[in-house]
Amino acid sequence: MDRPIEIKALSKSYGDTLAVDRVSITVDKGEIYGLIGPDGAGKTTVIRTLVSLLVPDSGEALFMGRTVSAYPGFVRSHIGYMPQRFSLYRDLSVEENLHFFGDLFQIPRDRQRRRMDELYAFSRLQPFRTRLAGALSGGMKQKLALSCMLMHQPEVIVLDEPTFGVDPVSRSEFWGMLAALSRDGTSVFVSTAYMDEADLCHRIGLIHHGRILAQGTPDGLIAGFPWPLYRIDCENPHHVYTILSSTLPPDQLQLFGSGVYVVDRGKNGLRSLQRTLRTAKIACRGISSADATLENLFLELIR
Amino acid sequence: MYRIGYLIQKEFRQILREKAFIGLIFGMPFIQIVILGFAVSTDVRHVSIAFLDRDHSRFSRKIADAFSVTESFTGRGALTSERQAKELIDSGVIQAAVVIPPGFERDLLSGREPALQMLIDGVDGNSAGIALAYASQIVARLQQEAAAEARGGPPSPGAAAPVTLAPRMWYNPELESRYNIVPGIIGILVTMITAFLTGMAIVREKEIGTLEQLMVTPIKKHELILGKVIPFAVVGFMLMNVGIAAAGLLFGLWMEGSLFSLYLMSLLFMLSTLGLGIFASTMARTQQQAMFVTWFFSIFALLLSGFFIPIENMPKIIQAVTVINPLRYFMVAIREIYLKGTPVLYLWKEALFMLLFGLTVIIAASLRFRKRIA
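Read top to bottom, the protein sequences are chains A and B.
Each residue of the first sequence is one higher than the one before, starting from 1 at the first, in my numbering.
Each residue of the second sequence is one higher than the one before, starting from 304 at the first, in my numbering.
In isolation and in its complexed conformation, chain B is listed as follows (with noise of 0.2 Å):
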């Protein structure tokens, strides 16, 4: 049993002895959190919007200031052809056009339906959903004004008034999403530093030869296993409380659960990733192929994680692949802790999930890796 300390007695001087080592552990997550805080946002935001008014009234200019007032678009003046939009749509110029036809204002006060068109450039296709989702909140306001308006005056009791919808976000009031996406940077960090290190530690013993001569000692698999795998754990630890320091210096997010909580989940999931490297290190013998393998698990941990795109969005058959991502459970948990401060025992599902899937990898890793050379 004393052996386990000495290997990572061992472990921990050739990984404090690695500068590179102490800035990835210290540096990366700062880094990261800062980039990708700022840079990967799903709001949308400065929507370049040109409008074609044919109706040239009161209520038209009213649509094209009305959208031109709201941080999500960008007014770029008015067009003179539906040919021009699309020139340039086509250019980038532009992301979106709004057309109005001859006779909206008449239409709109005489209580018909006129319609309103809009032309959205596509190919990022989130972006547009949600452009064309705040255009018809927009829309919508006016259209209350107008029938207002119409009836003369606020409406008058027993007239049918409209029903309005009036949303309260709870945990993320102003729906920013990076509230959303820190913590989910927190949860890959965790995958990434675990899962690699783990994976090329054990790799590069074997290319430098040691691994083979570490097998003729009286170490036994799992004391090796282990000297292994509880160092670069606690690395995995302290890259998240680094990432969570980030967290609360850089955009002022602390953690609404217990630290508890969210150590006791980190801990479940790292037996995923733990075994995830052993597993590498057995099929890899140099430290590129470990890092191949490690990545293409990863990766589809990652984006099956429901990091980038929200897991209900999937097709059926991808999300049932997801059950068997353990990412998914930790994103899932990581977010109720730091957003909720939900409890440990509210995630429960989660938490078995994790235990059972890590044990598995880690049970199956360990007995790939042998203490024989074939």
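Chain A extracted, bound-state conformation (with noise of 0.2 Å):
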């Protein structure tokens, strides 16, 4: 049983620009992955690479155990796709969107009866049927586009950024929608700049400047992380944070809105970092140790 979706060392630039730099990506059955990283990282060039619509310098993508860019048409007929900030036509009504997609994949008009049907038991979108696109709120309109892309019934689904800028509880939502479709099989590749949204990927991969930084579950990559960490609890993170700036070295600080996190790489201990906070004289509500998380170790691993 060939892997959904493969891809080998790929590599592209722009110019002089490296955008994706020997990235390994693979897919299982009904698994949901996500590429996790800032704008820029490189999340589109590679999904636009997997679904065909750019062919990369080095390096392949497989689908479905076929190399994309010598079988466009059946990546094409198979996959489904949400480009970024895809919003659909306004001027057509939800039904008459979710018929469009079902006619450019020639599916017969009674079965995409029936799966407009399931999509709307899925989306709750029945109620919206005659209402134009363009007058859904937002999270109503990723669901459309989402039911969209699900028409012809892909077995793998591609999605870049598609809860950008959507509030958070359709936001939720949606990745409850997602959740359903892999538990049914169908596999899942979806970017996002959100590290909130990693727990609820199987896998992650962290994308930084065109490279993968680590990969893994969730889970694993966090408790991977290589060094104590304290988090100082304080009223005013930034000042602590400027202070400290000037005794310690920049690198093992991270500043969050609840605190400050002291990344302890020298393994001085906490009794040290007190001592240092007492020197400074800065004010704080405790020093504790902490647990990683995905942002501790995204930031630990750009440094």
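Any given hint might turn out to be false.
[As the list claims (entries may be wrong)] Facing chain B, a subset of chain A residues (Cβ under 10 Å, in silico): (1) Arg48; (2) Arg76; (3) Ser77; (4) Ser87; (5) Leu88; (6) Tyr89; (7) Arg90; (8) Leu92; (9) Asp103; (10) Met149.
[What the hints assert, rightly or not] The calculated lysine-lysine pairs, modelled on DSS-like cross-linking and capped at a C-alpha distance of 27 Å, are: (11) B:Lys523 - B:Lys313; (12) B:Lys652 - B:Lys619; (13) A:Lys281 - A:Lys267; (14) A:Lys29 - A:Lys8; (15) B:Lys509 - A:Lys141; (16) B:Lys509 - B:Lys313; (17) B:Lys652 - A:Lys141; (18) B:Lys322 - A:Lys141; (19) B:Lys509 - B:Lys524.
Quick caveat, the hints were computed from the structure, so don't treat them as lab data.
Just so it is clear, the structure is predicted and the values come from calculations on it, not from any experiment.
Built from N, CA and C at the ideal position, the CB exists for glycine as well.
Put the two chains together into one complex; each comes in its own frame, and the hints tell you how they fit.
Right, here's the structure in full:
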């Protein structure tokens, strides 16, 4: 059985800029794989290569065991793809949008009907089926976009930042839909800039400047955080961060809204840190050993 | 192949849902034909003219009367000096002045050739030229009368009678420029609508991201292009029919030739405009850019089409450029069919040029249009 997605040492540059640097990713059947990284990290380039819109400079992408650049037609008729910032035909109704994509894949109308009922049950868009897509809320638009790409029942779906700019409630509903698809055996390859969505994936890859920094299950990656980590709980993290930057090496400090994290790379221990704070006369509510989050890991890896 | 049908169906849904489109298709031809048909006129009428009469003879008064009775000129009275003539032309009160020198009548009747001076505001060179031609006609007629009078009565047999030219204008006997302009407007409308709308419709899908989605479906490139182009060709034909109706109802100008000939020529012409639309869409990322590219090309096509300025009046080198302007051939074709009822057979040269040019544009643009991003 061929793997749904297999990307091997893929590289792509635009002029002098290396956008993707030897990226290798595999996605198994029924798995949700999250490609996580900031804007400009190369997520969209990887995805566009995978869906046959770009030709790689070196390396290759395989879809169901076939090289994408050699079989673009096969990929295009079997993959489900939702591009970045994708927003449907605003002047067509929900139903017309669904029919249009069903028609493009030449699904007979009676089968489209059945499929639409399934998708309505899934997305709860039934009451809005005659409404124009432009008049839907942001969250509903995303659900409709997802439904459109599911009309032809693809076994593999690829989504580029699908939850970008969507409100938190709709975001969680959207991820609920992805989880349901994966339970039914659909493989999901999704990119996002939101670290908190990583826990909703089975496996993730952290990408930065075109390179995969780390890959694995979210828990596994976090457990692999190499150094002791302390969190300074304080009123004004900004202020504390500025003062500490002059005493501690700045690459050991991570500024968050909830406090300042110190990566104890020298393994000096909690005592040593408390001493430093006293000498610098920094007032804080407490210092404690902290469990690393994915954000801590990411900041540590891009150091 | 069915997929083209679905694309066309979708495109029409979108066109019909947009109220502005309906207004564009039906309102625009009417408004343009009404306004341009009445306003754009190369006929010169009511040129304000004044006279500086230094002869004060029967004949000099006759000249002033002759100018004043034609529609082309409106008499604005007598002048007292050349200075005044200059001032009035400068200030725009009059557009022309006729200076009749002293001894004009005497010289004329005695067979000498007296000079008549005409001062014309030449800012609008075209109108000035036409006004001068009208003036010359008037003066020539008077001269003949004077010659007859000098000989005393009608010309006697044996005497050399002056040759008169009696022109008869065919197809447009009154030389109404409107009859030339209105079919031209229909040609321009077709250019604008098909090129602009096609380009913008493709780029709009780029803007909202649906084009990227369409690329990752089984749809073929040519299906995508045809699915975009056919609806706007249909819109172009609808618009043309509205234009034909407007020309007939408003100006009583109905086509002499067959509708079929016009349709055939329009179809050949649209190859170029639709191709331009596709081309613009491959160059542009936003609808504004697409409009700009289309505008850039269509303004050239328009100015070098012979719509405003006859091609024969252009410098040789520019005339050579117009050879690759499909609108030039369509202008000829639409005017020929409209005014003369020329059968397609005699327009084979125009048809061939439009076909060759259209195919080249559409093929080149389609090659630029890729189903890949880069």
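Which hint numbers doesn't this structure obey? 17
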